[in-house]
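**Q** In case you want the letters, here they are:
Protein chains: 2
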Amino acid sequence: MYTGFRLAYASVPVATPVPMSSHFSQITILAPGLLGASLAIGARERELAGRICIWARREEVRAKCAAQPWCDSVADSPEAACEGSDLVVICTPVETIHRLARRVAGTLKAGAIITDVGSTKGQLCRLSHAVMPEGVHFVGSHPMAGSEKSGMEYARGDLFRKRSCFVTPLEDSDPVAVERVCALWAALGMDVVRTAPELHDRIVANISHLPHFMATIACNWLARNDPEWKNWAGPGLRDTTRVAAGSPDMWRAISEQNREEILRALDGFRAELDHTRVVLEQGRYEELHSLFASGKVYRESLD
Amino acid sequence: MYTGFRLAYASVPVATPVPMSSHFSQITILAPGLLGASLAIGARERELAGRICIWARREEVRAKCAAQPWCDSVADSPEAACEGSDLVVICTPVETIHRLARRVAGTLKAGAIITDVGSTKGQLCRLSHAVMPEGVHFVGSHPMAGSEKSGMEYARGDLFRKRSCFVTPLEDSDPVAVERVCALWAALGMDVVRTAPELHDRIVANISHLPHFMATIACNWLARNDPEWKNWAGPGLRDTTRVAAGSPDMWRAISEQNREEILRALDGFRAELDHTRVVLEQGRYEELHSLFASGKVYRESLD
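Protein chains in written order, with numbering that gives the first Met the number 0: chain A, 0 to 302; chain B, 0 to 302.
Looking at chain A on its own, in the form it has when it is part of the complex (with noise of 0.2 Å):
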């Protein structure tokens, strides 16, 4: 009897009520696009903090952010946008954000607290860890309210609301600032998740990796084929393989860094196409059935 692969991690634990104040006398964005622009806003909505403070790297998009309502001042370099703040969250595509730590770690004021919103996690966490001076910290997140639409013009204050927020302490982190940046999203109105930076890579190489590597196998097997085809796909396929629009820049990145927990998921999910398809093969379709009706009740509670 076919049992299944079932991964080694038994389960994560939730995040408890957050009383932590949510509440930054400074936050720096550092390269504001649709997550920090959204944050930006929803900060300043809910008067999360007492300044914001923009660097972005090109002037034109220095030049928009000074004329918004959500940013009090624009800075020319990364080190200058940080200085005085209590709060710093990196929003640059996720193969940049250790070494943008590591360039303003020396500038941040004691008890300063640095995060991120990039989606992988393991390898850049503990990356930034280590290069921060004594009484700064790093604490990794990753709010889970992307979009396969990209830039600030698409941001708005309610983007965090009612998605999941990844928090990502390592064994030594400050607990203090951990729960300060629990609290951050929280007031977003996310709801928190705390869990080992490895153990997020290998849930989020499962529940959005792997989704877009699979809309994006389907959509070079069917582009290698009659393109005329096209013409006649329903909502299904649309639906199936909307995902696969995201930038390929991104996804290299993510692909690069969470590399390993993306291959097992690929391998796990192989396995369970190859069972399904001897199952078919050998016209075994009372199990073929139950395979849809758990699939079925699998997807139902997703809702």
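Derived from the structure by calculation, the hints contain no laboratory data.
Quick reminder that beta carbons are idealized off the backbone N, C-alpha and C, glycines included.
One thing to keep in mind: the hints can contain errors.
[To be verified] Listed below are several chain A residues computed to face chain B (Cβ distance under 8 Å; list not exhaustive):
# : residue
1 : His22
2 : Leu262
3 : Leu272
4 : Ala292
Dock chain B against chain A, hints included.
**A** Showing chain B alone in chain A's frame:
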């Protein structure tokens, strides 16, 4: 170099505009569910039928139909419902269509046309065509307007609008009957395409059945892992797996009817999966980026 897999068929003829009349003096709909009732509503709204006769297996459904403005008469048997009709549309589950076609064949008047809404075509079209008496014409249809919701209560007259419909004549189908079936679906707002039933089955195996299998397989793989993970699922996983909520009975029947083409589509998808997996495993990130980019191009061509 990997050049992928290409299916044997080169292209599909797209229907030319149809001047044929889409009016029938009497339409019979056998087993109105979501599709059959939507057809009746649409035909009434557009005045495509002088009379609409209904047969349903269950008495309570017949009683419900009798009270509808889109139903002129309800019969106790499929044979009685077909008497005097110039068009019969069979809307039962796919595995019973050819049996019902055989059952009513003898009661159809000369020149009558019989069609269906089944989502596989090869087997059932050949079987149904073979049992028609001289002067009665079976022409298969597959209006691609289903939903993971099924049942008459979801029916609406614009269900078919701007959706695709396959009409699948055989080599010796009556050309006028084929044109009239095309005209019916076109009058309901559908984009009609004529293909051989076997080519239809190959196309839908790829653009409809494969997505369903992918979604089911992903759900079963995830269900075997930590059930708490689903609490953090984003819209990506939800969209990618939405179709897995479809009816296991219906999907069992589709799988039986279209087993060979589904196996072929699964094999193509799996070869693409294996290729992508190797590219990731070997850290060939430029190539992986190209795969994400080509997937994105294909996905955006669906919009």
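**Q** For every hint, state whether the structure bears it out.
**A** Comparing the hints with the structure gives:
no., hint, in the structure
1, His22, "violated (26 Å)"
2, Leu262, "holds (6 Å)"
3, Leu272, "holds (5 Å)"
4, Ala292, "holds (4 Å)"
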